[in-house]
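One-letter residues, chain by chain:
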Amino acid sequence: MSYDDWFRKDRLPHIFCAGCGNGTIINCTLAAIDQMNWKKEETIFVSGIGCSSRAPGYILTDSLHTTHGRAIAFATGVKMAKPDFNVVVFTGDGDMAAIGGNHFIHACRRNIDMTVVCMNNQIYGMTGGQGSPTTPKGCLSSTTPYGCAETPFDLCELATAAGANFVARWTSYHVKELEKSVKAGLETPGFSFIEVLTQCPTAFGRRNKFRQVIDHVEFLKSHSLLKAKRDRLVEKHEHVPEDMFVVGELTRRNRPALGVKP
Amino acid sequence: MTRIEFWQGNIACAEGALAAGCTFFGGYPITPSTEVAEHMAAKLPKRGGAFIQMEDEIAGIASIIGASWTGARAMTATSGPGFSLMMENIGFAIMTETPCVVVNVQRGGPSTGQPTMSAQGDMLQVRFGSHGDIAIIALCPATVQEMFELTVKAFNLADKYRVPVFLMADETIGHMREKIIVPDTVERVERKPFVAGTPAFRVTDPDNIPGFPAFGTGQHVHVTGLTHDERGYPCATNPNLHMALVKRLVDKIENARDEMADYDVINPDAGQVFVAYGAPVRTVMQVMHDKKDTNIGFLRIRTVWPFPEKALAEFKNAKRFIIPEMNLGQISREIERHVCVPVRSIPKLGGELHTPEELVAVLEEKA
Chain A
1 MSYDDWFRKD
11 RLPHIFCAGC
21 GNGTIINCTL
31 AAIDQMNWKK
41 EETIFVSGIG
51 CSSRAPGYIL
61 TDSLHTTHGR
71 AIAFATGVKM
81 AKPDFNVVVF
91 TGDGDMAAIG
101 GNHFIHACRR
111 NIDMTVVCMN
121 NQIYGMTGGQ
131 GSPTTPKGCL
141 SSTTPYGCAE
151 TPFDLCELAT
161 AAGANFVARW
171 TSYHVKELEK
181 SVKAGLETPG
191 FSFIEVLTQC
201 PTAFGRRNKF
211 RQVIDHVEFL
221 KSHSLLKAKR
231 DRLVEKHEHV
241 PEDMFVVGEL
251 TRRNRPALGV
261 KP
Chain B
1 MTRIEFWQGN
11 IACAEGALAA
21 GCTFFGGYPI
31 TPSTEVAEHM
41 AAKLPKRGGA
51 FIQMEDEIAG
61 IASIIGASWT
71 GARAMTATSG
81 PGFSLMMENI
91 GFAIMTETPC
101 VVVNVQRGGP
111 STGQPTMSAQ
121 GDMLQVRFGS
131 HGDIAIIALC
141 PATVQEMFEL
151 TVKAFNLADK
161 YRVPVFLMAD
171 ETIGHMREKI
181 IVPDTVERVE
191 RKPFVAGTPA
201 FRVTDPDNIP
211 GFPAFGTGQH
221 VHVTGLTHDE
231 RGYPCATNPN
241 LHMALVKRLV
251 DKIENARDEM
261 ADYDVINPDA
271 GQVFVAYGAP
281 VRTVMQVMHD
291 KKDTNIGFLR
301 IRTVWPFPEK
311 ALAEFKNAKR
321 FIIPEMNLGQ
331 ISREIERHVC
341 VPVRSIPKLG
351 GELHTPEELV
361 AVLEEKA
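Here the protein sequences line up with chains A and B, keeping their order. Quick note on numbering: the first sequence equals residues 1 to 262 in the numbering used here. Quick note on numbering: the second sequence equals residues 1 to 367 in the numbering used here.
Chain A extracted, bound-state conformation (with noise of 0.2 Å):
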């Protein structure tokens, strides 16, 4: 099989915008899938609400689309019930981290045996560009019409902290790194969270001069610090860049997971 496969073809053409990251995602997922051999009538994927959540609709497995910020939540009762089951979530970062926070941090905590993928293009996308929990400080949205006061969350701090198994930063620039990273989750045991900083011409890019979609994919590939020189840094005692991000795999451990396949 090659991850075109995957595609529910049908269901052809798709809702995102044009230069929407979301494509890429799915890609590098569907990709690091089809790398698993797994079967298709042993996969589910799970969503909530949003763009990022309307991925499982295009992909040709058994899919649940819920309600917002549920679906790690849906997905722990899909697994539970069925471990046999790989289940894989797609999200967002208003669905996952604002009205999903909880479901997400007790699903870490659990470290139940499932991959989340969670695209971040820091607003709310389908909703019109209002601020989300990741909206950077300063930045516009529709909600935020002074630039966003509040501080944004580290969702992969947090994921690590709730007690994650794996958890992993990339961009959409970075597909080849997505694409071994999800694969790395996929095949870990316990709760894998991979979360990718996208672009969102629409309703991000627009409002923060990042109305070309190359300039702020460019912005995202700049603005990445890799997590080894950045231990090299701290390591050294040398300053780190406020203005980056750390991207790689930042947690791989083995602690006891639930839901594992028998």
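Just so you know, the hints here were simulated from the structure itself, not pulled from any lab data. Among the hints, a few may not be true.
To be verified - Pair by pair, the computed Cβ-Cβ distance ranges are:
1) B:E259 to A:P262: 38 to 46 Å
2) B:G113 to A:H237: 53 to 61 Å
3) B:T198 to A:L233: 54 to 62 Å
4) B:R47 to A:L233: 23 to 31 Å
5) A:R211 to B:R202: 40 to 48 Å
6) B:R248 to A:R211: 58 to 66 Å
Just so you know, even glycine gets a beta-carbon here, dropped at the ideal spot from N, CA and C.
Fit chain B to the supplied structure of chain A, relying on the hints for placement.
Below, chain B alone, put in the same frame as chain A:
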């Protein structure tokens, strides 16, 4: 073969679920329903099932919907505050035609209200609480025996009609202990089989119920709370499609109103007729026992939603219907819609049962 036990209502409910083949329980502790969860936590793992205590009631019902799509019989149990939190995903279960059983051991509301006291204040919330036009099934037990039997029935109705079914108990029945005759086996109604390769939500039978394509059977079904076509694909802007879908979801329950009606008629020729469900049934039974008067009728209802309106017509000589409820008259209003004679509500809040004297006083009122 049967055996006799002396069980608490909530234990009878959990045992009924186990007898019905429930293999998944997801929930959150709340008085006065917690014994259901505790009993399932003790029993399910030993039977190859799964119990999970979720982070809140929203997640509790989400988990049972997920489990149900794997083909499992799944249940949660809660009370008022938790029930309020479940409203959103109850709508999701209705829209996605997911069979599941939700037990609500009712306590005094609104809000945190009276956690340890009995009430029937959620009878309209269960019917209308989730947004949009909906239809659901709600059963009300009046004995520990019925906690067992109606839980079994709830699973069968959920699987048959592909809808969340509610066991609307109350603290009185949930926490009292009485004799129960436990059967060795119970009836089991399966979900309608799915014809492989057909659209996931295609309906071909006049009952409006599609076959169930469980996850893992290779059907690649897409389940969404969005308005969807018969393939299950979102199609949220077609007015005719939305009308047809919502109408079908309501019709499959409302058209089966008579079929699932479950009630007892006592003294059908009577002039004064009590109507009761849940704990107030017991006070009415006491009055019937004390009075031994064939001019006092009694309609004892187990299926409260859809409301069995045909039952009211069995009392052809009824001059008045008298409705004792542990709320401010929620089902009395429903009865008023169906009869042309006076309806006398006997509302009672606070957590105590109606006394026989309170009911007798109403019987003796001058018309």
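Here is what the structure says about each hint:
1. B:E259 to A:P262: 38 to 46 Å: The hint (38 to 46 Å, Cβ to Cβ) holds, given that E259 of chain B and P262 of chain A are roughly 41 Å apart.
2. B:G113 to A:H237: 53 to 61 Å: This hint holds: roughly 58 Å between Cβ atoms.
3. B:T198 to A:L233: 54 to 62 Å: About 59 Å separates the Cβ atoms of T198 of chain B and L233 of chain A, which means 54 to 62 Å holds.
4. B:R47 to A:L233: 23 to 31 Å: 55 Å, violated
5. A:R211 to B:R202: 40 to 48 Å: With Cβ atoms ~45 Å apart, the hint holds.
6. B:R248 to A:R211: 58 to 66 Å: 45 Å, violated
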